[in-house]
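Trainee: Sequence:
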Amino acid sequence: MLCHQEIPLKKVNQIETVTYVSAIARRWEKPLQQPADEIARCLADVLKVAQRDRQRDPLLQSLWASVQIQAAASGWLQFSLLAPGLSAWLVSLNQIPLQPDCDRIARRPPWQIQYVYGRCCSLLRRAAQQQQISFCHPQSAASYQLQAAPDLFWQLRQVGLSGLATGERALIHALIDAADGYEQLSHALAAGCLKLAYALSQAFELFYAACSPWAGTPEQRQLRLGLIRAVQAMLYRLSCPHLGALSSHL
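Okay, so the sequence shown: first residue is 51 according to the numbering used here, each after it adds one.
Derived from the structure by calculation, the hints contain no laboratory data.
Any given hint might turn out to be false.
Unchecked claim - List of simulated lysine-lysine pairs, DSS-like, C-alpha gap at most 30 Å:
1) Lys61 - Lys98
2) Lys98 - Lys80
3) Lys245 - Lys61
Unchecked claim - Cβ-Cβ distance ranges computed for the label pairs, FRET-style:
4) Asp95 - Gln180: 49 to 55 Å
5) Ala215 - Gly168: 20 to 26 Å
6) Asp227 - Gln179: 27 to 33 Å
7) Lys245 - Ala123: 47 to 53 Å
Here a beta-carbon is modelled for each residue, glycine too, at the ideal position from N, C-alpha and C.
Kindly produce the complete structure, drawing on both the sequences and the hints.
Mentor: Here you go:
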């Protein structure tokens, strides 16, 4: 999600935060003949100025404005995405319209990916029938665009990632890993997309076993439905153009 072609980043394995680190200052230490920590501080200052650039795409601007940039004494750069930016990214996934264009492709993804995608669709239809969510285009529910998508992630903005249930945090990280993996593919190769979609499908099944969208507080139910819609959109992005048609029915 935050991967940048000029600054190589690695996501830190911390479930309570979304943090990336970069060793670029350490790589430049010998060529520039300067201490890595000094280079890191200079880069952090430059990047903080870049956060105020208003010519960016609105989503990127929202994400970048929510990134805390720090230079560690060891010369590492650290980027931490705060809850407002994470919420904005999840909202953007919820607003991706799903189109039936991929139905023309004969080869279908493996069964588990098909199953999880169909499960997401059926859960969202059930939630709409129960009036827990509303589709932007009820006459064409196949697009699955949700009204008031920002409201779905109110709890995340209030309590942050660390305040969510373990299953919710794990699924958010799985979504981020899928997005990062997709962006890092040199070409949208079917094999790479399949691996990412399969990993996300497995993460969803663990989430669904632990976090029912029909249990908990109203805010928890809304968050979980928003995450289900995000998984649906990510699987669609990974699968349809390269692996074949996805069915909205189990």
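Trainee: Hints first: check each against the structure and report whether it holds.
Mentor: Verification of the hints:
1. Lys61 - Lys98: holds (20 Å)
2. Lys98 - Lys80: holds (24 Å)
3. Lys245 - Lys61: Given pair Lys245, Lys61 holds - Cα atoms ~18 Å apart, limit 30 Å.
4. Asp95 - Gln180: 49 to 55 Å: holds (51 Å)
5. Ala215 - Gly168: 20 to 26 Å: holds (24 Å)
6. Asp227 - Gln179: 27 to 33 Å: holds (32 Å)
7. Lys245 - Ala123: 47 to 53 Å: Taking Cβ atoms as reference, Lys245 and Ala123 lie about 37 Å apart, which means the hint is violated.
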